[in-house]
Each structure stands twice: as C-alpha cells, then as structure tokens.
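We have chain A already, so just place chain B on it with the hints.
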Amino acid sequence: MRLKLEARPAPSRAMRYLSPLLAAVLTVVVGFVVFSALGQNPLAAFRAFFVQPLSSTNGVAELLLKASPLMMIATGLAVGFRANVWNIGAEGQLIVGAIFGGGVALHMEGAASSWLLVAMVLAGALGGMVWSAIPAFLRTRFNASEILTSLMLTYVAALLLSYLVHDPWRDPQGFNFPQSKMFDDALLFPILVEATRLNASFLVALAVVAAGWVFINKSFLGYQMRVAGLADAAARYAGFSATRTVWIGMLAGGAAAGMAGLAEVAGPIGQLTPSISPGYGFAAIIVAFVGRLNPVGILLASLLMSLLYLGGEQAQMELRLPSAITGLFQGMLLFFLLGADVLINYRLRVVRPVRVAGATEAAT
Amino acid sequence: MRGDTAAATPRLSLRGIRKAYPSVVANDGIDLAVVPGEIHAVLGENGAGKSTLMKIIYGVVKPDAGEIRWEGRPVEIANPHAARSLGIGMVFQHFSLFETLTVTENVALAIDGAKDLAALARRIEEVSQRYGLPLDPRRLVHSLSVGERQRVEIVRCLLQQPQLLIMDEPTSVLTPQAVQKLFETLRQLAAEGCSILYISHKLDEIKALCTGATVLRGGKVTGTCDPRNETASSMARLMIGKDLPVCEHAEAAAGGEPRLMVAGLSHKSDDPFGTDLEDVHLTVHSGEIVGIAGVSGNGQQELLFAVSGEEPLAEPFPIRLLGVEVGRMHPGRRRKLGMGFVPEERLGRGAVPNMSLAENALLTAHRAGAMVRGGLVRTDRMTAFARDCIEQYTVKCGGPDAEARSLSGGNLQKFIVGREILQAPKVLVVAQPTWGVDVGAAAFIRQALIDLRNRGTAILVISEELDELFEICDRLAVIAKGRLSPAKRTRETNVEEIGVWMSGLWPGAHTDDLQPSAPEVARAAQA
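Heads up: the sequence lines are chains A and B, in that order.
For the first sequence, position 76 matches number 76 in this note's numbering, and the numbering has no gaps at all.
For the second sequence, position 206 matches number 206 in this note's numbering, and the numbering has no gaps at all.
One chain only, chain A, in its complex shape:
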C-alpha cells in the first residue's frame, strides 16, 4: 500500500481563489497550537498577534507602512513569476536601490528641491534594475539559473552596503557608528498622517500595484509574458522573444525592489544603515504567491503579511516570544498555501497493488 497523488480531472476554480484564505485559516489554527505549546494562553496570544496591532491609528499606519514595500516588490516579482522568470534576489535589489537612491540624497545635500525626491526614487529603481540585470544577462547569455545568481547577489549587495556605511559614506559626526548622515528632511517622503510614520511611499506603492495590474492584465507585453509562462513553445511559435521575457521579468522585479529600498531609507529609517530591511525582499515572494500573482490579490496579501510582521513584534514585546515567531508564521502561510494548491490540482489516493484475482473479486 502506498500513497499517490493523482491529477484531478477538473480542478475547482473557486478553490483556486479560496486557497489563500484556507492557508491563512490553517496558519492561525496551527499558530494556536504553537502558542499553547509555548505555555501561552492562545486567545491572549491571538489578541496580541492579530488584534492589538490594529487597535490604534498608529497601528493601522504601521500596517500600511510595512505593507507598502511588500506590495511594491511582490507586484514587480509577479510580472516575472508569471513568465517563469524566478527572481529570488529582490532583497539584494532592494539594498542596491537604497544605495543608489541614498547616494543621490547624500551627494545632493543642501540642494533641497522637491524634484530631488523624484530623482531619488528613479535612482532607487535604477539601482534595483542594475542589480537584477546581472542575473538577466547571465541567464540570457550563458543560460545560468537566475534563481541561484539572483539569490547569491543578495549577499553581495548586503556586503556592499556594509562596506559603504563602514567606510566611505560613514557619518563623520556619527561616533563611529556604521551609518551614513541623516538625510535632509526635504529629501524624505512627506508624512501622510500626523503623528505616525506612514508616508507618501504608500501612494507610490499603490501606483506600482495599479501599474502592475494594467501591465499584467491589459498590456500586450504582459500578455506575451503570460504566454511565455503558460506555454513556452507557443510563445516561440508566435515570435515572442524569450530573451526579452527574461529581461522584462527581471527588470520589473528589480525596479520595484529598488524603489522599495529607497522608500525605506528615505522614509522610516532616514539614513543608510547596515540593515535596512527585515527581509521584505523574501517575504514579498510569499506575498506574490499568496496573492495569486495578481496585483489585487497581492494588495490584500501584503496587508496580511504586514500584520504578521507587526504581530510578531507585539508578541516579542508582550509575550516575550522569540523574534523567530514572525518567520514561523510566514513559513507556515507559504507552506499551507502550496499544500492547498497541490490538493486543488491533485488528490491523494491510497494505492494497493492490484492483481488479476483482486480485479475479478472486486467484480463479483
């Protein structure tokens, strides 16, 4: 006797959209079990994790603030993922975007003009694109897997940032702390809601999501990318360039990640420091899939993921749980989503070895 996955003849359409919800519910249920196992009252823990972060204006502002980079990056990645271009290195592209954009801010000190912020956003996008162009080039020229190259470049980017803030860009008046000067206030994203950290980068993120929706669903180029993802041979048959698909897929993710990185340093952080992202670039991969690679879904998924970040922080403070709890919840969410997706397309069956005798027995 053994277990076997069998393709379902007609996977349910409704379940395809419900599976992210199902995954979220399962994550919460298992979360309950985990909290109990840690000796916490699960209801109180649940409250701390999912309710308290949303119970104040500031909490909601933080939710939107943290959701912004996630939705931005996930939308960019979805463009590539739909075409089977697997950019796993958004975290590195985010860092390089922050370096480029931050570099503009540091070198334009005093030249305050509202256009400078626009230049910084563009520089951030450019930085992310430069970093994602490397895997794109390696893939199209040497057929190197972009999964590996983009991931490995993440660590290169982190070390590059570390070098910059330890030496050339270190603040001379910074008591030797490895960080740059604070950016001019005029070079930071304006605050949207008084007394919170929510800034205009949220609007940029919404614009990116909207642009992504139009690109994926309405543009001819987006259509070509979808064809490339669904049926490689059909894309070739129609004359859609595979090279262009890889480039667009990588650059879209890189640009979005770079802008998100800039939004972090020109937003809540306000300077370059060795660590500027709590893994947004990786979490965005989960967001993209939970959102079904669809910008509207990504918008919702980014809010959920942001809540997991906030809940994790709250749990650390109130319940004295380790910080790994955030990663645990993120991992569970992706795990249950992928599991639900497998079971939507396949069903589990117990297979017993069939013999002729068995077949005739069954018949009579």
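None of these hints come from the bench; they were simulated from the model.
Here a beta-carbon is modelled for each residue, glycine too, at the ideal position from N, C-alpha and C.
There are no misleading hints in this set.
Output of the computed footprint for chain A on chain B, the stretches with three or more beta carbons under 8 Å from beta carbons of chain A: (1) 306 to 314; (2) 327 to 334; (3) 337 to 345; (4) 355 to 362; (5) 372 to 383.
Below, chain B without anything else, positioned relative to chain A:
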C-alpha cells in the same frame, strides 16, 4: 470465419454503456462484442464517443451505467492497472510518455517488475524489429517525432502480450509501407488469438483490415457491419449520416510568382538525435500548394523550425520570403512580412491550453486584427476576431471565452487554421493539417486550404498522410534523411513512386554519401 467466431464466447462484451459529462452525453446505451481473434473496428467521427468508450474499457473512465463482461464474466475495471492485469492493452491517440526519459525507461514504467533495463532494451529492439517499428530504445522521448512516439506506445503494448489490444487511430503517422506492415502485425496477432479493437475513421483501412465494425454517431451505435461487405460510402453514411464530402480541386493556375524559396539550406541540428538538413532546395509559388511527404523523423521538424523562424538560422540567405532574405529573422518578423504557420502540435504550441480562444486569437493575429493600440490589448477586437473565426470555420465550442484545452482536437485545429487564414497570409506553412481530425473537419480544412490557394496564397503542406497530400497538392516533394527530393507535379506521380522516394532513392539523389548497400543502389537503378 465470421460464422465460427460468432459462436465463441466474446472476449469482451459491453451492454448498455452510458457515460454523461456535465455538458455532453458521451456514450448512450452502447452495445459491443469482440470475439477472440477478431479485428473489430470502432468507427465514428471525432466526438462520436469512441475515445470515451475505449477509456471505459481501459479503466480510465468509470461508466455511469451498463455492464462489461470479460470472457463471459461480469467485471468492473477500476483502473488501467486492472485492465492490464486482465490482458487489455491500449495505444492512445494522445501519447502518455515522459519526455525527459528514454524509450526504455518509459516502457519500464508501464511494466510491472521491469528492473533490468538492459534486458528490456533488447526486448524492445526485438519486438520493434519483428513488427517493423524501428526504434532506438536509448533515445530520449522529447527528441522523437510524433510518429516515433507512437511506435513507442505500440511497442510498449505489444511487450505485454495483450489478449485485447485497443488501437486509437494508429496509422495516421505511418508510411503506406509501414501501414501494410502494421496490418500484417495485427493480422498475425489476431491469428494468435488476440482480439483487436481498431478505432479509426479511415474507411479504406477498415475495409482492408477489419472483420467486424461498430459504428458510433453522437454517442450512440448507429449500426454494425462487416466492413468487407460494405463500400466506403455506405460506411460513411452510417458514420456521418450523409455522403462523404469531396474536395473540389481544379488545376493550379500556372505562372505564380515565387513567394517562399529555400535555397541550399543546410543546418546542423542542435539535438544529438535530430536530423541534419542538407542542401534543401524548394520553391513555392503564389497560387499553388506544394506538399512534402516523408516518414516522420526525417527532418520535417527541423525544416519547419527553420522555415517558421522558431529556430532562426545563422545566415539570412537560405530562406527567402517574398524576395526578402529571412533566415535570421524570428517568427514575428516573418509573420509581419506575410507568413502564416500552422504547427504540428496544437495544444502548447499552436494554442495556449489555459487561455481562452479570444486570447489565443491574439497570439498570432494581433497585427492583422489590429488588436493592440498604445501597447494595450483591445479586448473587443480580439473577441470579435475569435467570434468571426469560430463562425466561419464552424468551430464547436463554448464561444470566444472557452479555454483552448476544452476543445476537441479537430475543433481546435479548425480554429488555428482559421486564425491563420483569416490573416490573409501571402505564404502559409501547414504541418499535419488534419492529424487526428475527423473526416468532416478534415475535408473542411482541406477545402479551406484549396480556397486560400485559389486566392493566390503560396501554401506549403508537410504531412505524413499521403492520401491527403495527393488530394490537395499541386506539386509533391519527399524528405528523407534531411534531404529533399525535387518537387514533381502530383498528376504525374503516384503513391508507389513517392513510397520509393521516401527511402531516399529519387533520381539524382546523392546516394554516394548515404552509403547504401550495393543491392540498394541496384534497386534504385532499376526504379
């Protein structure tokens, strides 16, 4: 003979089989009986319910009602494994092979307890030799042509020495000689007591081979007969309810301008198992249909890839489209110049399975249909084009929003052919235009191609079905071992001559570097 067998217990008998799908009743009260040693035809158009019925017998699909008896005892065939245990083998129309595995590995997967792959490879070679289905067991399936893949399926079944062999349209990719050889094999198997269910819509084949027939139409049995006592047209009437459509085909108008020229095309295949093209010359004029015959795997795929641009060449000159050297251009630019192309595989190449017909119209018709403005897709134009195509080419489907994969093979082919023709191409290249398509749809597609020719389009057809080539082509060439024969006017040649050419032996062929044996050269000289 029929008198004797009728008295025997049927090996398999079906009574009142019914299978309903949400949208269609595929089988409705089917009765069928096959006795040992009988070659029994199941005759019907695509969508008549043949495939569903065979899947029921093979345990892939469960019937809603009805009774299956095996050797007189009622059985329930729960799955293909149970079917194989009973002694039922099936060669599917759509292959179930793993592309990344070798022939031997694919066969091993279907056979219980096949552990010694080397021994299995020897058995495969043995069986394939014996039944005239040449096959290299070490090759990877993805490098095989459609015809060769079918051989794998047939050999895989024969290795299991079945009591009942189901063959779903087995001859569509074989040469006339290979068909004869297959028939000998099947007769030999039948003489050994194996029953054969032979699904086909080729009436002459059924007449030549089968000793009994059950005719299906719209999921019901419309009659049973002994094909040897019937004529093709009487069986056709049972099958489609009316007389067989015949293509109208006048002589091509002479003196068209050359539109597609292949001049000295030599191309080394990237695939170690592929066929290298050697010095291919071919011209297709406006207003004519040129056909290329040949056994699959002789360079058809490579030639098609080179002509369509899916595998651009290093040099521009070997392929000229309307006077432009296009060898290095990708398919999009060739289409812009006025080329249309219908590929061999429909799902996954000619159409995206998970996209709607409207979106599949956009795939190649975005220029002709002006479906893109300012980089954005004009959904209304796209849907209108698809609706047009569905109407004009009588595609049976749920409308422009139906997913491509929900269509039957014949209907999807009509859609793809329609999509390419509606763009009014100056040159149309078609591979296997009617492979696996029912008679009605096939005649329709052929007529559409002839009509397009009459409007001045240059058409190149690559097909492994000789009857079809003789029916629609003005000139015929043969491809063998990567070389192309000179094209000959169809009216001045015949099946026998083309059959000889298929082995590479045409007058003036460079036989010296093919290194044939002395007797072969002698035979060529006689021919």
